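Mapping the sequence shown onto UniProt numbering, position 318 (from 1) lands on 318, and the numbers just tick up by one.
These are calculated hints, taken from the structure and not from any lab test.
One should not assume that every hint holds.
What the hints assert, rightly or not - With beta-carbon atoms standing in for the labels, derived distance ranges: (1) S173 with A318: 40 to 46 Å; (2) R9 with I91: 47 to 53 Å; (3) A93 with I7: 49 to 55 Å; (4) D189 with Q128: 26 to 32 Å; (5) E96 with Q185: 36 to 42 Å; (6) Q14 with I91: 46 to 52 Å; (7) R116 with G198: 23 to 29 Å.
Stated by the list, open to error - Simulated pairs of lysine to aspartate or glutamate, EDC-like, Cα-Cα distance not exceeding 20 Å: (8) K131 with D90; (9) K131 with D119; (10) K325 with E315; (11) K321 with D311; (12) K321 with E53; (13) K325 with D311; (14) K131 with E155; (15) K325 with D229; (16) K177 with E214; (17) K325 with E200; (18) K325 with E44; (19) K177 with D70; (20) K131 with E200; (21) K131 with E96; (22) K131 with E158; (23) K177 with E69; (24) K321 with D283; (25) K321 with D138; (26) K325 with D138; (27) K325 with E53; (28) K177 with E245; (29) K177 with D154.
Computed from a predicted model, the values in this text were never measured in an experiment.
The C-beta atom is built at its ideal place from N, Cα and C for all residues, glycine as well.
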Amino acid sequence: MSDILEIARVQVLQEGRGLDAAQALQCLTLPDERLPDLLALAHEVRMAWCGPEVEVEGIVSLKTGGCPEDCHFCSQSGQFSSPVRAAWLDIPALVEAARQTAATGASEFCIVAAVRGPDRRLMDQVRQGVKAIREAVDINVACSLGMLTQAQVDELAEMGVHRYNHNLETARSHFDKVVTTHSWQERWDTCLMVREAGMELCCGGIVGMGESLEQRAEFAGQLGELAPDEVPLNFLNPRPGTPFESLPLLEGSEALKTIAAFRLALPRTILRYAGGRELTLGDLGTRDGLLGGINAIIVGNYLTTLGRTADQDLELLADLKMPIKALSDTL
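Sequences and hints are given; from them, build the entire structure.
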């Protein structure tokens, strides 16, 4: 059998065809001594099909905590004893957060709410927030509001939301070990509606939630089939009071193999560093990931966990001579 890196060099780097699940599994099971070669190839693929620019994004929660769903990784679930309690952010605070995000050079600002799906009150507040941000700040506005109806998808598109985040979280075969209050298919259906409405689709998940390597590869293949514009890649940061609080952190080498495998499965996709990288990879591993397929980052803090400072990430990008993607006039 040909070496998977030789296959990927032709199939992905030269032809632009992503790896399937079985091929991604071969990457995930490579011995650690092959990791530098895997990362180098993933970086070549990123440069060839995405270019050198890095997209920078900030996120803020419009509604934090009190969510009725039981996502086992999430401290915002109202079903667990985790310390996050329900809170709403007012519109002036939202605009100020967008202004601070834009000041870092970010081209993207994402409004997030911890809900199963938006009710009328939330949709009205999002409309006010999007309008206020667009009037005050030159930045793209994205949203993450849970599962949507077709009418809600159409309304968000009409508001000018250009990208919608709705993560599949994990492979279909592992989903019922992570969430029991809704199905993987419900998430998939929302993603399809978003894409068909003309908004950009941001869809990724979390690795290190007890899934097997086979299931991690399955997830990469399912994302390849969905073909989102962006894939945020989170590494589990076990939160106190959640069912996953005792799961171990992913090993750094395993996380880097995952980054490279996902890049080779999704050669044209924005692959974004999201939560958990600080603990799982540290400073050196963060650099390795940016040289191994990552071409976007969330700067600052996440929804309920602390991240690196924006200055640290911006200094790293400057050191690596990776330009920050400018705001596109076409979006």
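Hints, verified against the model:
| no. | hint | in the structure |
| --- | --- | --- |
| 1 | S173 with A318: 40 to 46 Å | holds (42 Å) |
| 2 | R9 with I91: 47 to 53 Å | holds (50 Å) |
| 3 | A93 with I7: 49 to 55 Å | holds (50 Å) |
| 4 | D189 with Q128: 26 to 32 Å | holds (28 Å) |
| 5 | E96 with Q185: 36 to 42 Å | holds (38 Å) |
| 6 | Q14 with I91: 46 to 52 Å | holds (49 Å) |
| 7 | R116 with G198: 23 to 29 Å | holds (24 Å) |
| 8 | K131 with D90 | holds (14 Å) |
| 9 | K131 with D119 | holds (18 Å) |
| 10 | K325 with E315 | holds (15 Å) |
| 11 | K321 with D311 | holds (15 Å) |
| 12 | K321 with E53 | holds (9 Å) |
| 13 | K325 with D311 | holds (16 Å) |
| 14 | K131 with E155 | holds (13 Å) |
| 15 | K325 with D229 | holds (15 Å) |
| 16 | K177 with E214 | holds (15 Å) |
| 17 | K325 with E200 | holds (16 Å) |
| 18 | K325 with E44 | holds (18 Å) |
| 19 | K177 with D70 | holds (11 Å) |
| 20 | K131 with E200 | holds (19 Å) |
| 21 | K131 with E96 | holds (13 Å) |
| 22 | K131 with E158 | holds (11 Å) |
| 23 | K177 with E69 | holds (14 Å) |
| 24 | K321 with D283 | holds (17 Å) |
| 25 | K321 with D138 | violated (24 Å) |
| 26 | K325 with D138 | holds (14 Å) |
| 27 | K325 with E53 | holds (5 Å) |
| 28 | K177 with E245 | holds (14 Å) |
| 29 | K177 with D154 | violated (32 Å) |
Checked against the numbered hints listed earlier, the structure breaks hints 25, 29; every other hint is satisfied.
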